[in-house]
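A.B. asks: Using the sequences and the hints given, assemble the complete structure.
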Amino acid sequence: AQSVSQHNHHVILSEAASLELGCNYSYGGTVNLFWYVQYPGQHLQLLLKYFSGDPLVKGIKGFEAEFIKSKFSFNLRKPSVQWSDTAEYFCAVNALGGGFKTIFGAGTRLFVKA
Amino acid sequence: NAGVTQTPKFQVLKTGQSMTLQCAQDMNHNSMYWYRQDPGMGLRLIYYSASEGTTDKGEVPNGYNVSRLNKREFSLRLESAAPSQTSVYFCASRRGDTYGYTFGSGTRLTVV
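So the protein sequences, as listed, match chains V and Z. What the first sequence shows, in my numbering, is residues 105 to 218, in sequence order. What the second sequence shows, in my numbering, is residues 13 to 124, in sequence order.
Treat the hints as calculated values from the structure; they're not laboratory data. None of these values were measured; they are calculated from a predicted model. Please note that the accuracy of each hint is not assured.
Claimed, not checked - Negatives, chain Z to chain V, calculated, CB over 10 Å:
1) Ala14
2) Lys26
3) Asn82
4) Ser92
5) Thr110
6) Thr114
7) Gly116
Stated by the list, open to error - Taking lysine-lysine and the DSS-like style, the derived pairs with C-alpha atoms no more than 27 Å apart in a straight line are:
8) Lys69(Z) / Lys205(V)
9) Lys26(Z) / Lys205(V)
10) Lys153(V) / Lys69(Z)
Unchecked claim - Simulated restraints, written as ranges between beta carbons of each label pair:
11) Ala105(V) / Val24(Z): 27 to 37 Å
12) Thr122(Z) / Ser184(V): 33 to 43 Å
13) Glu71(Z) / Lys173(V): 44 to 54 Å
14) Ala218(V) / Asn42(Z): 40 to 50 Å
15) Gln106(V) / Val24(Z): 27 to 37 Å
16) Gly15(Z) / Lys162(V): 17 to 27 Å
17) Thr66(Z) / Ser184(V): 39 to 49 Å
18) Ala94(Z) / Ala105(V): 20 to 30 Å
19) Glu119(V) / Pro51(Z): 36 to 46 Å
20) Gln34(Z) / Gln146(V): 18 to 28 Å
21) Glu119(V) / Asp50(Z): 25 to 35 Å
All C-beta atoms, glycine included, are put in the ideal place defined by N, C-alpha and C.
C.D. replies: Here it is in structure tokens:
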């Protein structure tokens, strides 16, 4: 069965610090990968996605993620965080041929100190 | 604006009561989904509908039923609410596997 693991449940950073959130998945076949962000009190919004091509994908608000197939990883990065990046971040995996189901990680809460 | 609309936004139920959560999308998406979000557990799929006229169980379907009324609407029904169903419920839709979800704003349900 597919699963998604996000290593850090809570991360606290100061503004301008660099961010990397880990995400690993378990599935041996072809996958589509996503990162979503949920700002306090809001619904989830898509940050970026990977389904083929360049393994380094860029999303909105300066975020990027790198797909490393050999490590089953899809880590999210941002060179310099802002206070407004305070939110919860979810990694998600959709396996091709796995039907229409997407599996979400448990989420990482990021708090950025001003 | 185009998107996913959910109603109600908040609801308090007594144990044993029933209710239906409504969801509608105006993006002409074929597939629609119901997730529940609980602290520390991410989002778990309750039911989904790959296309109009079809529905399938997700990870946590027990205690729920769904109806895909037409291409736009996908409702979630709790027949006899239990405290374990206290959660935030999100409806979502998407164009296909390689596209991300568009989520509704959520329904915060408390069962007492």
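A.B. asks: Compare the structure with each hint and give your call.
C.D. replies: Here's how the hints hold up against the structure:
No beta-carbon of chain V is positioned within 10 Å of the beta-carbon of Ala14(Z); the least distance is around 14 Å. The beta carbon of Lys26(Z) is kept farther than 10 Å from every beta carbon of chain V, the shortest such distance being approximately 26 Å. At roughly 18 Å from the closest C-beta of chain V, the C-beta of Asn82(Z) stays outside 10 Å, upholding its exclusion from the interface. At roughly 26 Å from the closest C-beta of chain V, the C-beta of Ser92(Z) stays outside 10 Å, upholding its exclusion from the interface.
At roughly 4 Å from the closest C-beta of chain V, the C-beta of Thr110(Z) falls inside 10 Å, breaking its exclusion from the interface. Thr114(Z), annotated as away from the interface, has a beta carbon of chain V within 10 Å; the closest lies near 8 Å. For Gly116(Z), the requirement that its beta carbon stay farther than 10 Å from each beta carbon of chain V is not met, with the minimum near 6 Å. As the CA atoms of Lys69(Z) and Lys205(V) are separated by approximately 10 Å, the hinted pair is consistent with the 27 Å bound.
Pair hint Lys26(Z) plus Lys205(V) does not hold up; C-alpha atoms about 31 Å apart against a cutoff of 27 Å. Restraint check for Lys153(V) and Lys69(Z): satisfied, since their Cα atoms lie roughly 25 Å apart, inside the 27 Å limit. Taking the beta carbon of each, Ala105(V) and Val24(Z) are about 35 Å apart, inside 27 to 37 Å as hinted. Checked against the hint of 33 to 43 Å, the C-beta distance between Thr122(Z) and Ser184(V) comes to roughly 39 Å, which is consistent with it.
Between Glu71(Z) and Lys173(V) the Cβ separation comes to about 25 Å, which falls outside the hinted range of 44 to 54 Å. Take Ala218(V) and Asn42(Z): their Cβ atoms lie about 43 Å apart, and the range 40 to 50 Å holds. Remark: the range hint 27 to 37 Å for Gln106(V) to Val24(Z) is upheld by a beta-carbon distance near 35 Å. The beta-carbon spacing between Gly15(Z) and Lys162(V), approximately 24 Å, falls within the hinted interval of 17 to 27 Å.
Between Thr66(Z) and Ser184(V) the beta carbon distance is about 46 Å. The supplied range of 39 to 49 Å therefore holds. Take Ala94(Z) and Ala105(V): their Cβ atoms lie about 26 Å apart, and the range 20 to 30 Å holds. In this structure the hint that Glu119(V) and Pro51(Z) lie 36 to 46 Å apart at CB is violated, the actual value being about 26 Å. Range check, Gln34(Z) to Gln146(V): Cβ separation about 20 Å, and the 18 to 28 Å hint holds.
At roughly 30 Å, the beta carbons of Glu119(V) and Asp50(Z) sit within the given window of 25 to 35 Å.
Checked against the numbered hints given earlier, this structure breaks hints 5, 6, 7, 9, 13 and 19; the rest are met.
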